[in-house]
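J.: Residues per chain, in single letters:
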Amino acid sequence: MNELDWTNPLIFSVAKIVAISVAFLAVMLLVALTVLAERRVLAFIQGRIGPNRVGYFGVLQPFADFIKTMVKEDLVPDQSTKFVFLLAPMIAVVTAIMAILVYPFGPTITLPFLGTIQLVIARFDVALLYVLGVTSVGVYGIALAGWSSNNKYSLMGGLRSSAQMISYELSLGLSLVGVVLLTGTLDIYSIVEQQSGWYGMNWNILYQPLGFLIYLISAIAETNRVPFDLPEAETELVAGFHTEYSSIKFLLFFNAEYINMITVSMLATTLFLGGWNGPFVEQLPILGVAYFAIKIVFFLFLYIWIRGTLPRFRFDQLMDFGWKVLIPLAIFNILITATVLFVRGS
Amino acid sequence: MITTLLFILFAGIAIGCAVAMVAQRNPLYSAISLIGVLLSLACLYVMLAAPFIAAVQVIVYAGAIMVLVVFVIMLLNVEDEEPRRNRLAFLAPTAIGLAALLIAETAFILYSVQASPYTPRDNVSNVGLTASVGTGLFTEYLLPFEITSVLLLMAIVGAMSLARRSNIISANSRVVPGSQVLPMNVLDPLASDEAAVETDSTVEARFLMGVDRLTDPNKRG
Chain P
30 MNELDWTNPL
40 IFSVAKIVAI
50 SVAFLAVMLL
60 VALTVLAERR
70 VLAFIQGRIG
80 PNRVGYFGVL
90 QPFADFIKTM
100 VKEDLVPDQS
110 TKFVFLLAPM
120 IAVVTAIMAI
130 LVYPFGPTIT
140 LPFLGTIQLV
150 IARFDVALLY
160 VLGVTSVGVY
170 GIALAGWSSN
180 NKYSLMGGLR
190 SSAQMISYEL
200 SLGLSLVGVV
210 LLTGTLDIYS
220 IVEQQSGWYG
230 MNWNILYQPL
240 GFLIYLISAI
250 AETNRVPFDL
260 PEAETELVAG
270 FHTEYSSIKF
280 LLFFNAEYIN
290 MITVSMLATT
300 LFLGGWNGPF
310 VEQLPILGVA
320 YFAIKIVFFL
330 FLYIWIRGTL
340 PRFRFDQLMD
350 FGWKVLIPLA
360 IFNILITATV
370 LFVRGS
Chain X
37 MITTLLFILF
47 AGIAIGCAVA
57 MVAQRNPLYS
67 AISLIGVLLS
77 LACLYVMLAA
87 PFIAAVQVIV
97 YAGAIMVLVV
107 FVIMLLNVED
117 EEPRRNRLAF
127 LAPTAIGLAA
137 LLIAETAFIL
147 YSVQASPYTP
157 RDNVSNVGLT
167 ASVGTGLFTE
177 YLLPFEITSV
187 LLLMAIVGAM
197 SLARRSNIIS
207 ANSRVVPGSQ
217 VLPMNVLDPL
227 ASDEAAVETD
237 STVEARFLMG
247 VDRLTDPNKR
257 G
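Chains as they are written, first to last, in the working numbering: chain P, 30 to 375; chain X, 37 to 257.
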């Protein structure tokens, strides 16, 4: 049986398109299941039952909601800036989904007929910077949505969100510098490969506990989730930046938020929790995919758990926390890491 | 083949967005067009085997600087630019002359590149990779790199001192978006002996801060 020739541009392109489609569908399915899990887990935390009627355990509930939202009337405010109003949700969802390209979801596996393949869509030198860049462009989606709606609540939500995301992007980026110093590369694939020692348990979180904590907090703020959900604080701002959005455009924002949750969970998994690494991955490579999925689901559950437990910050507390606690801590973490590496190296 | 098509695509987007940026009346549309230019330039950098520069272009320019520009436009709610009387009409011939000079320079570069012998590289250059850029910055170009850092630090300190210069907002105050400027002891009950004072009116906030002693909130009801 001949193996495929991966240098052939046609086979290469088809393989990439198939990989992207599979990853897209998987992420979208995960979004639907996360929405359902969020409602069920929150209901459990609050002593309710939650949606359990559509399909087994309410599995079809997100799909029913999807159809319901799709067929609603698509309202566009009369005084809004039409073009930007249309553009904003597209920016939000496209930048959210672009980040999934670089995450390796399994080790290199050898399959019959297909040959040896790396389970990653795109591997390049600046993968980590690419993720940060795509995330930083995602701010426009929310900011422009708030501005173009021509609604005070939307504008306040958009402004708050931009300020919050710019502030926490700094601590998010700085918290990753420790890992980059440790591994000496920005290529996410090799960062994961370097954590494979000790029966696949040589994870960066052991060397960077402070960095991991800062990353986790910043990531929650970056995705506008509770307790940092000031942009859509419903008691103050109705629904924040997406107050005026309905039907499919609202759905795009909704999806973008959950895709962002998944991508920051993927980044936490790959950089700090060893990605697909785990016991017995060397003997059974396909186990790596399962480890990767379990770790992502753990982070998604953590998000929901935090949402069910913590109250919302006030805006000045949020800004103080970001600038006066997280950023100094992140710089301290870089200093310690660099010093230890220098001493060990010399 | 594909490379050429992609180059034409991204170059076309870049030029189109650049023209739109100048031609738009609405400042926000101009800003969005400029973001388009920066992003398509980043794509061109990737095609020129300079991924690090591309990533930095997106993070710094499209992700940080342009967010601030959009932020300011949104906050100031700038109106559409009205066509005004051309005051500096004598500058038009100068502009045409300079544009002609620029086109001549471009043509000369194109000509000299075409005239020089073509030497194909045996492999892809790794100059644009992160490691090479980092090594260059911290060895050969260390002094310019550090001087630029100091320059940026000066700009930050200057902006801070300019913003803090006015006496209207005291150093001890916080701005709560959506409401008003409040002194710290009003926001934080622990920092003061008094009980926390809640306020929802700008007038009362100004009174509490002592900005305007003449205004008495009780008289206004």
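Any given hint could turn out to be false.
For each label pair, taking beta carbons as the anchor points, the in silico distance ranges come out as [stated by the list, open to error]:
hint: 1; chain 1: X; residue 1: Q150; chain 2: P; residue 2: A55; range: 47 to 53 Å
hint: 2; chain 1: P; residue 1: T338; chain 2: X; residue 2: V163; range: 56 to 62 Å
hint: 3; chain 1: P; residue 1: L58; chain 2: X; residue 2: L189; range: 23 to 29 Å
Not close to chain P: a few residues of chain X, all C-beta gaps over 12 Å, as computed [claimed, not checked]:
hint: 4; residue: M57
hint: 5; residue: L104
hint: 6; residue: L134
hint: 7; residue: A143
hint: 8; residue: E176
hint: 9; residue: S197
Derived list of chain X stretches under chain P, where covered just means 3 residues or more per stretch with a C-beta under 8 Å from a C-beta of chain P [to be verified]:
hint: 10; region: 43–54
hint: 11; region: 146–153
hint: 12; region: 180–192
Everything labelled a hint here was simulated from the structure, so no lab data went into it.
C-beta: ideal position from N, C-alpha, C; glycine also.
J.: Please write out, lowest number first, the hints stated earlier that are contradicted by the structure.
T.: Numbers 2, 3, 5, 10, 11 and 12, in rising order.
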